[in-house]
Amino acid sequence: MASLFESHLLTVLVFLPSAAAALLLLFPERRSREAKIFAIGASIVELALALPLWSRFDTSSGAFQFVERTSWIPALGISYTLGIDGISLLLILLTVVLTPVSLLFSLTHVEKSARAFSIAFLVLETGINGTLAALDLALFYVFWEVMLVPMYFIIGIWGGARRIYAAMKFFLFTMAGSLLMFLAILYLAVRHRAATGQWSFLLADLATLTYPSMAVQTVLFLAFALAFAIKVPVFPLHTWLPDAHTEAPTAGSIMLAGVLLKLGVYGYLRFALPLFPDAALRFAPWVGVLGVVGVVYGAFVAYAQKDMKRLVAYSSVSHLGLVVIGIGAFTSTALTGSVLQMINHGLSTGALFLLVGVLYERTHTREIADYGGIAGVVPVTTGLFLVATFSSIGLPGLNGFVGEFLILLGTWTSDHRWWAVAAATGVILSAIYMLSLVQRVFWNPITREENRRLPEIRASELVAAGTLIALMIWIGARPNDVLDRIRPSVEEVRRSVAAHKVVATSSRPSRALRLRRGQAPRGISPEGAGARP
Amino acid sequence: MGPNDLAAAAPEICLAAAGCLMVLLDAFAPSARRWLATLSLAAIALSIWFLLAAPHGLSFGGRYETSDLTAAAGLFAGATAAVAILVAKSYLQRTGEEKGEFYALLLWGHLGVSLMTRGLDLLVVFIGLETLSLSFYVLAAFFRTIHASSEAGLKYFLTGAFASAFTLYGIALLFGKAGSVRIAALARPDLGADPLVAFGLLLLLVGFGFKMSLAPFHAWAPDVYQGMPTPAVAYLSVAPKGASLIVLYRVLTAAFAAGMPDRFRTAIAVLAILSMSLGNVVALAQRDIKRLLAYSGIAHMGYVTIALAVFGRDALAAVIVYFFAYVVSNAGAFAAVAVLYRDETKPHPVGLLAGEGRRSPFASAVLALCLFSLAGIPATAGFIGKFFVFKSAIEGGLYALAIVGVLNSLVSIGYYLKVVYVLYMQDPVEEGAPPPLAPADRLVLGLCGAGILALGIFPAGVWNLARRAAASLPFGP
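Just so you know, the protein sequences line up as chains A and B, in that order. According to the numbering used here, the stretch in the first sequence is residues 1 to 533, in order. According to the numbering used here, the stretch in the second sequence is residues 1001 to 1477, in order.
It is worth saying that the hints were derived from the structure and are not from the lab. Certain hints may be false.
Claimed, not checked - Subject to a maximum C-alpha distance of 25 angstroms in a straight line, what follows is the list of computed SDA-like cross-link-like pairs (lysine to any residue): (1) 306/A - 216/A; (2) 1177/B - 1127/B; (3) 169/A - 1432/B; (4) 112/A - 1099/B; (5) 112/A - 463/A; (6) 112/A - 1426/B; (7) 1418/B - 463/A; (8) 112/A - 1182/B; (9) 306/A - 463/A; (10) 169/A - 1418/B; (11) 1418/B - 230/A; (12) 1418/B - 165/A; (13) 1418/B - 361/A; (14) 112/A - 1041/B; (15) 1099/B - 1063/B; (16) 112/A - 1127/B.
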């Protein structure tokens, strides 16, 4: 029984939320509170079911675990294949934590069609977990796109004043990237069929493909990279993010910033690197540079914001830039730090959006200028906000420090030292804009009289925020529990880039090829010189 | 005519007889009017049963085909007819026009489609085309008292007659060269490179392009859809288009057994690109939902014409999957429109749907699902259709067409989401609860919604069916 459970655990985790959503359809429309409590219950059951993933995960292996495989469209070799490594494990856990947190926060705040709201969140959870567990590219694409639909409704129905614009922009931007990836996936499958006579969309099969020329591989890589870069979002493609995050309801912002953004980085590590290693190596410097631009640009723009939520949204651009630098540096240490930092950012930004939401629900303003001096009025909220801020700016002892430190260290040992310098500036800048936010909101003299009677955080909100804070402290105190699960998978990702995949001989060897012939600088060589922490 | 021929023609005989029965019942037993829809459905079901039961092979001296291909075509056309009839019942009651002619004309039109998909003789195909067209000229003008409906009838008749002339001229040219109106006669190897044959085929492409509302032969579609009774549009916008594409496939595979010449492929590719781009861009500017769906249909015919340019059995299978998906998505969308717009004497602005998401949750949810399916969002039927079409394009090396296709999908999201936005994110313009859904409406909407999800989540079955159908194409490689 236990083994049957274990062998289908991922399927359960992917589809349990949708099953709960289907049950919610049977609820009468008027019973909105019951619907919300049912959805919270379902997401907590989901969380409980996900715990065995953590405890039974084999930390000595970088291979995929909990693998399930059933054929789906046999004539085309499309299969329902799920499996997770350390990276997807942590992101799935982050998802199943943030979903009940978001729903719990919404318990007292979403009035309009609460049933539909709960359904949207549960379907979103299915989409995210499916995206993270899928090892078949067709299946991955299905989940990847399905995710958009509930998010579109969440922003468009329950969002702020400019919600329609934001929802449409979110949908179109994300779709624009993924459609070309769709064609690239089809090309890979057709090529696999031409090479072996067999149809397959399985990542493991497609990763063995070779390409007729570097140009073909580069085009395919760019099709994938564009989809992922828009999702992250990487600097010039980020403009949908501030709108979507600001206009989304609080719970939506938590999921968007907490998990959805990470899927871009995840997709890059899981698919773009093993499928197109030569192109990925060739573009690694660009990836790092875009990360650097994102870090600095995001930080400066965040500092200029007058709207709390927009400030936190731009801080995501900056923080994700740091993650991208780690990916570009590609040493073990930097990659490990990047993966950890994704989790950290999910927790800290999730908590920040939640607490901003707590304030907003009481005052209905997000303008920083409308606050000030409320530390004495709402001490508990202030305390929680401070911890989340410290986590976000990487204060030692909390989770953010570990991730940032590993990224900086790993980047410094690569051959792009100046990225580490820029990244470090980003860390300092984040302290500046976040602390000044805290100062202007919670300290300074009180600007508005009605703020003297601001109600304190509610129990349900406290539980939601407290969960996130507890996880921040735990990761800060025992980072190795998490790092042990990341490291073997990161090594596996680095190994997957080692094999080169261009068969045709060109007169002038590509940069990636030259790198491999021993002229590789430290850091981006597949053998890697990155020191392990 | 032997017993075999009779079995082969049984589906069409059944449809023709049922149509006559509708008219007679309407004239002589007016009290039976409320049973007309049920009887029509039974006739469709019976004709499908005859079609599936008929022994495979050629009949009427090789002029008539019974195969997996005709079965698949009969299934999707029959499904479209069933959707149209189910929607028509309460629609006609609401408009006070519950008459036998409507069902009779629909059944006869369906008979024409059936002839088109089964004829191996260009004249049989042409008679099918004309039966279809004449029935629908009348259906377009069905609301005699509504100005827009008469206008639709006249416009459809004039452009349709023009298109028929193209088709007939093309047939005449092919006859002149091949010495026979049999499609098989085109397979003579010396004809493939003949410029006159190519010209004849081009004229057929124009004629059937009209029926498919491919740009630049699309201009009739928005006006006709706008004035025609919505249930009839649900049929016209799906089944005849699929039948036309199957005819084109059959004729072109016969003529180009060795592979399609590049120049011809370019012509088809141009039609596909024009259709997709023009349909999608103009749809963005539409305010009337029927016109919006008409332009969306023009764009969809562009996508599926990509598979004609690819040419081959797998591409034909993709076409068949696409049309199965299109039945549930597009006919489903028109069914939802027929239900949601309660006053047929007025136009159908998108804005009138404001807040319907809360007022009529079920019909709105199905409409939204249909639109997501038309937009090609995964886990819906529409995605599966596009998946196979684009897969065949990549397989055939037509990368440019595939790229134009997906970029067009992106544009299309703009207007599909606009409707979803009006449904769910705007406040209602009308007060008060809407009238409850008729059971037939509930059934047809439920079936379309379930079909969209079923095809989208479990597409293996329909793909196998389509591949078997494509394998039974009598000509080609």
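Report task. For the pair supplied as a hint, residue 1418/B and residue 361/A, confirm whether the alpha-carbon distance does not exceed 25 angstroms. Result -> violated (29 angstroms)
Query raised in the report: Hey, residue 306/A versus residue 216/A, does the alpha-carbon distance stay inside 25 angstroms?
Result: violated (46 angstroms)
Query raised in the report: Are the Cα atoms of residue 1418/B and residue 230/A separated by 25 angstroms or less?
Result: holds (22 angstroms)
Report task. Would you mind confirming whether the straight-line C-alpha gap from residue 112/A to residue 1182/B stays at or under 25 angstroms? Result -> Violated. Residue 112/A to residue 1182/B sits at ~64 angstroms, over the 25 angstroms cutoff.
Query raised in the report: Taking 25 angstroms as the top limit, are the C-alpha atoms of residue 1177/B and residue 1127/B close enough?
Result: Roughly 21 angstroms separates the two Cα atoms, so the pair holds.
Query raised in the report: Does residue 169/A pair with residue 1418/B here, judged by a C-alpha cut-off of 25 angstroms?
Result: holds (12 angstroms)
Query raised in the report: Given the hinted pair residue 112/A and residue 1426/B, is their alpha-carbon gap at most 25 angstroms?
Result: holds (13 angstroms)
**Report entry** residue 1099/B paired with residue 1063/B [C-alpha distance capped at 25 angstroms]
**Finding:** Status violated; Cα separation ~35 angstroms.
Query raised in the report: Does residue 1041/B lie within 25 angstroms of residue 112/A when you go C-alpha to C-alpha?
Result: Between residue 112/A and residue 1041/B the Cα gap is close to 42 angstroms, so the pair fails against 25 angstroms, i.e. violated.
Query - Agreement of residue 112/A and residue 463/A with the hint, judged by alpha carbon distance not exceeding 25 angstroms - result: The hint holds at about 23 angstroms.
Query - Hint consistency between residue 112/A and residue 1099/B [alpha-carbon to alpha-carbon, up to 25 angstroms] - result: violated (44 angstroms)
Query raised in the report: For the pair supplied as a hint, residue 306/A and residue 463/A, is the alpha-carbon distance within the 25 angstroms limit?
Result: Since the Cα atoms of residue 306/A and residue 463/A sit roughly 29 angstroms apart, the hinted pair is violated (cutoff 25 angstroms).
Hint check: violations occur at hints 1, 3, 4, 7, 8, 9, 13, 14, 15 and 16; the rest are consistent with the structure.
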